[in-house]
Amino acid sequence: MNDSSTDIEKAVLKEYEYGFVTNIEADAAPKGLSEDIIRFISAKKNEPEWMLEWRLKAYNHWLKMEEPDWANVKYPRVNYQDVIYYSAPKQKKKVGSLDEIDPELRETFEKLGISLDEQKRLSGVAVDAVIDSVSIGTTFKAQLAEQGIIFCSMSEAIQEHPDLVRKYLSSVVPVTDNFFSALNSAVFTDGSFCYIPEGVHCPMELSTYFRINAENTGQFERTLIVAEAGSYVSYLEGCTAPMRDENQLHAAVVEIVAMEKAEVKYSTVQNWYPGDKNGNGGIYNFVTKRGICKGDNSKISWTQVETGSAVTWKYPSVILKGDNSVGEFYSVAVTNNYQQADTGTKMMHIGKNTKSRIVSKGISAGHSNNSYRGLVQVSKNAANARNFSQCDSLLLGDKCGAHTFPYIEVKNNTAVVEHEATTSKIGEDQLFYCNQRGIDTETAVALIINGFAKEVMNQLPMEFAVEAQKLLAISLEGSVG
Amino acid sequence: MLTISNLHAGIEDKKILKGLNLEIKAGEVHAIMGPNGAGKSTLASVLAGRQDYEVTEGSVEFLGKELLDLAPEERAGEGLFLGFQYPVEIPGLSTTNFIKTAVNEIRKYRGQDTLDAVAFLKLMKEKMALMNIDQTLLSRSLNEGFSGGEKKRNEIFQMAMIDPKLAILDETDSGLDIDAIRIVSNGVNKLRSKDNAVLLITHYQRLLDYIVPDFVHVLYNGRIVKSGTKELALELEEKGYDFIKNEINEDEEVSIAEKH
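So the protein lines, in turn, are chains D and B.
Under full-length UniProt numbering, residues 1 to 481 are what the first sequence spells out, in order.
Under full-length UniProt numbering, residues 1 to 260 are what the second sequence spells out, in order.
Be aware that one or more of the hints could be misleading.
Taking lysine-lysine and the DSS-like style, the derived pairs with C-alpha atoms no more than 27 angstroms apart in a straight line are [to be verified]: (1) Lys245(B) x Lys454(D); (2) Lys470(D) x Lys194(B); (3) Lys425(D) x Lys165(B).
Reference listing, derived: stretches of chain B covered by chain D, where coverage requires no fewer than 3 residues with Cβ under 8 angstroms from a Cβ of chain D [claimed, not checked]: (4) 17-25; (5) 64-73; (6) 76-83; (7) 182-191.
It is worth saying that the hints were derived from the structure and are not from the lab.
Positions of the beta carbon are idealized from the N, C-alpha and C atoms, including for glycine.
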């Protein structure tokens, strides 16, 4: 019996595959955070004065804020003066087209399974590739532009589309929203900007691939998606980082605006380096993601597969302002070894007949802790609001923890709010049954967890569902016994 | 095909099998009967390699290999199949996907090419017709919400897909009504051949009306105490297990007397 529980553990522990470092010279800011550093970043990016002002305001506000400690995670406090806030790979010359990208960088992304050659790319997916603090290239830009779709790096958007950026930046996540969003606003370096014009159905998946490479560097990306009336876009974000002994900081802000009848589907496959099996190193992933269903009949759907990071603090949320708008949150969070995740969502019902659906699947193994934290809020005028939440936890082994913190605040008595929760363990009986059919324990665990997470995996775009399934199996490898 | 010699096994400190001997040849159907607690299901579990059980003595040779040295999935690869008394549920995993994985893992073990989707589907259609099983059952999550009869039919269907050398069916008839027993038995009978063997474990004689065994063994107190043909099963049905118990007690008294 004991032997078999170590099998479960074995089946859930595999080496992190993306832990390599690219040897490329970087152009970096000195360590630490001050007004000067912010001026340095802004100058590096050749930003207009309004942007610098905006950053400085955020910085001064951040100075007065305190790091939140309500999440169910424990980590030594980050020394914010010990982080490098800007690091860009030095490219030999200014890149005019994708073909001119430094071969080293191109190779880095090839190794990660992301080809920057447009003709080689999966058809139907456009990619913006961000390494450390800067975007190194965006594919299929010209093709998208034909339909009026803007898909570019945030730095470029600030230069080329300042009116749109000024109008929508921090319109969903105010600078002062929280400690990490204020920090991000002060120092964000790059990210993606998407604008889908009225009535346009974006013909391909848009995706951003984030890679942290340089040492001691934090990544602070900022993504803004604006979907005009009647438009549709599906967006995917992926992340990896090298294996390093020290913890690295990733504090992103993502904002989505959906106008009348617009639909935005945002999927994340988060595979930041989780630290080694003793809990050394790994990424601190402190992220604020929020969307607003601004127009009537609009819809925002978050899907996340979270397998990486040492500590995750993340609650993709939807403000359901328009009448009949719909918010969805589908999540699979896997924690292994000493990983800690506190993740969930907020659904804020403001408009009438608004609906939200939350499906959260937590899988914990090793000594890890996995918490779901969710808030469903129905305001006074949100007549006939509906919410359904389902939180399932699967435990592998007996040293890990699963926690559920559902908060419900209802101020309108026509609301219907449902919450269901289950906790289960992978049983010896299930494993033996699979073994008897010729399936080894490792494969059996993969089958069982993918079955457990199926409802969420089904929400992912086809191209990524297979990858995500493999990723689930890999991050749990060695944890079954 | 299978030779069990002097098998002793138990769980934790409890001894259950106490020197069991049994030989099964290709083409044969054996039935093991016995009262509750005799060790019937333990025998099935030990042969399939369930880890909770500890073998303390004896050997089991299966197709020229020492079965007890192999991991459960290797035993499956060698051609041993266990039809479970209580098939487990795996939510979210479709029955088809599960069977496809099983079939291909076993093929890999044997060094055969795995079946692609088309070849697998063809095999499945063929066996579905043979077993009279329909598609909706196979698209559902493995055993989740299945009735008792559906679970057992699914076991026999898996057996048909995997095509084992030796199938051990542990109380396949338990909890089934007469119609379900007939369906399951028909399935087993269709799969009988001169190259494979079946070991039926059952509490009641009624299953043997449908699957006629070549040999019937009575398992009592961890050992096979009586073997015979189908008639033995009928005798048991008529007289109950007590007649075996009395016979054994008499034998033991005789042997004790002889020693003195």
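The hints, checked one at a time:
1. Lys245(B) x Lys454(D): violated (53 angstroms)
2. Lys470(D) x Lys194(B): violated (42 angstroms)
3. Lys425(D) x Lys165(B): At roughly 33 angstroms apart (the allowed maximum being 27 angstroms), lysine 165(B) and lysine 425(D) break the hint.
4. 17-25: violated (count 0)
5. 64-73: holds (count 3)
6. 76-83: holds (count 4)
7. 182-191: violated (count 0)
Consistency note: the structure conflicts with the earlier hints numbered 1, 2, 3, 4, 7.
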